[in-house]
Amino acid sequence: MKELSLFLGCLIPNRYPGIEKATKLVLDRLDIKWSELKEASCCPAPGVFRSFDRTTWLTLASRNLVLAENKNTDILTICNGCFSSLMDANNILKNDETARDEVNTHLKKINMEYKGTIEVRHITEFLYREIGAEKLNHAIEKPLELNVAVHYGCHLMKPTKDRKLGGAECPVFFDELVEALGAVSVPYEGKTSCCGAGGGVRSAMLETSFEMTGYKLTRMKKAGVDCIVNACPFCHMQYDTGQAELAKAGKKYDLPVVHYSQLLGMALGYSPEEVGLHLNEIVNPEFEAKIRLIQKQDLSAV
Amino acid sequence: MKNPEILTCFQCGTCHASCPSGKYTSLNVRKIIRDSTRKDISEEPELWMCTTCYNCQERCPRGIKVTDCVLTLRSEAVKKGIILPAHRKVCAFLIETGHAIPLDEKHNSIREKLGLGMPETVSKYPKALKEVKTLLNSTKFPELVNE
Chain A
1 MKELSLFLGC LIPNRYPGIE KATKLVLDRL DIKWSELKEA SCCPAPGVFR
51 SFDRTTWLTL ASRNLVLAEN KNTDILTICN GCFSSLMDAN NILKNDETAR
101 DEVNTHLKKI NMEYKGTIEV RHITEFLYRE IGAEKLNHAI EKPLELNVAV
151 HYGCHLMKPT KDRKLGGAEC PVFFDELVEA LGAVSVPYEG KTSCCGAGGG
201 VRSAMLETSF EMTGYKLTRM KKAGVDCIVN ACPFCHMQYD TGQAELAKAG
251 KKYDLPVVHY SQLLGMALGY SPEEVGLHLN EIVNPEFEAK IRLIQKQDLS
301 AV
Chain B
1001 MKNPEILTCF QCGTCHASCP SGKYTSLNVR KIIRDSTRKD ISEEPELWMC
1051 TTCYNCQERC PRGIKVTDCV LTLRSEAVKK GIILPAHRKV CAFLIETGHA
1101 IPLDEKHNSI REKLGLGMPE TVSKYPKALK EVKTLLNSTK FPELVNE
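Taken in sequence, the protein lines are chains A and B. If you read the first sequence in our numbering, its first letter stands for residue 1, the second for the next number, and so on. If you read the second sequence in our numbering, its first letter stands for residue 1001, the second for the next number, and so on.
Simulated from the structure, these hints should not be mistaken for lab results. Built from N, CA and C at the ideal position, the CB exists for glycine as well. Be a bit skeptical, because a hint or two may be false.
[To be verified] From chain B, some residues computed to sit far from chain A (all C-beta separations above 10 Å):
1. Thr1037
2. Arg1062
3. Ala1086
[Claimed, not checked] To be clear about the criterion: a stretch of chain B counts as covered by chain A if any three or more of its residues have a C-beta under 8 Å from a C-beta of chain A, and this derived list gives those stretches:
4. 1017-1023
5. 1048-1059
6. 1089-1100
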């Protein structure tokens, strides 16, 4: 297995940098060898750019892939959109000679060449496959006794044929990762349904996208969870800003939104501030107090 | 035809029944698939209501790549200049900054407080941004999306 280059994308460094910080903290703590993928651009986002022009989407994605190829590292993504774009582009370019030749014609203008020598990973599937839920459970210091609504996000699991993470109707791997941190993944209706953000719907039809978000939030709330745990900053933003927006219309949910990197960070003992939880729109002091209380408990006495 | 397998569709409606967007919008994926074999549907606003969640594609009993078809139909519409204003804006961000969502001052100062500094992306490296712009020009993306 190659070392990892961390691919930041757009949303994490530019809107939710706490997730970036949490990711770097947990990778270091778990002794996972990583370095920055310097000079990377937008993946580019699957919703708009893949819809608009396949060649542009493939070409820009190939430049990001080549940056990692030139370092002989795999790419580690922390966003389902980046995972989807880069993995799909990598698969297409590895298997379709015509597409590869076309992309390389463009890349030649910046003295690059796509060769197809690396893999694209997502932090959740990387942790699950390379470390495993059981070992992760042994590595954590503060088991987080929380009831959690797990949201996979569409592009982490689907298309299942390409992702190879099991079925998408009743997936389990992410729940196992969350439960490895001491939390309980609470079942809720519509669990595998979309957050509403993807496909350019959020950018063009914000209110409609929030209706889909409201569907999810209502069911998560009904299940009595302490927080939402996701694997994607786009879903993260949709739940976070969606709640702020829906609250204006009198629908209050107050569900803290937590990226898996942040949850893992807190299970490793980092404070809610250190993983950037306070940078969300939805800040729930009771939830943060609960985390602090868990973190203060001296487990060595147990 | 780029997605000839759609001719095997027998209009069962599993796609539409599985669609999270169709619960709230006029998007009916079954109809999109049917109509696309009969006429030009580039101007249908429903094409842009799909969140690309892939439920329809996963569940299609004929194995039709339904979501991929929607993407193809969208790119046909874009070729005809049918682009929503919000999407044009996202494209302009990409062309200008190499990011769909660029770094702003507010989040730059949050990064500083977190001890992160500038992201190690095209935001920090002008030479890298120039490469991105060269590629976008090479694929004629600005011509495609600019009004």
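Status of each hint after checking the structure:
| no. | hint | result |
| --- | --- | --- |
| 1 | Thr1037 | 20 Å, holds |
| 2 | Arg1062 | 15 Å, holds |
| 3 | Ala1086 | 4 Å, violated |
| 4 | 1017-1023 | holds (count 3) |
| 5 | 1048-1059 | holds (count 10) |
| 6 | 1089-1100 | holds (count 7) |
Hint compliance for this structure: hint 3 alone is broken.
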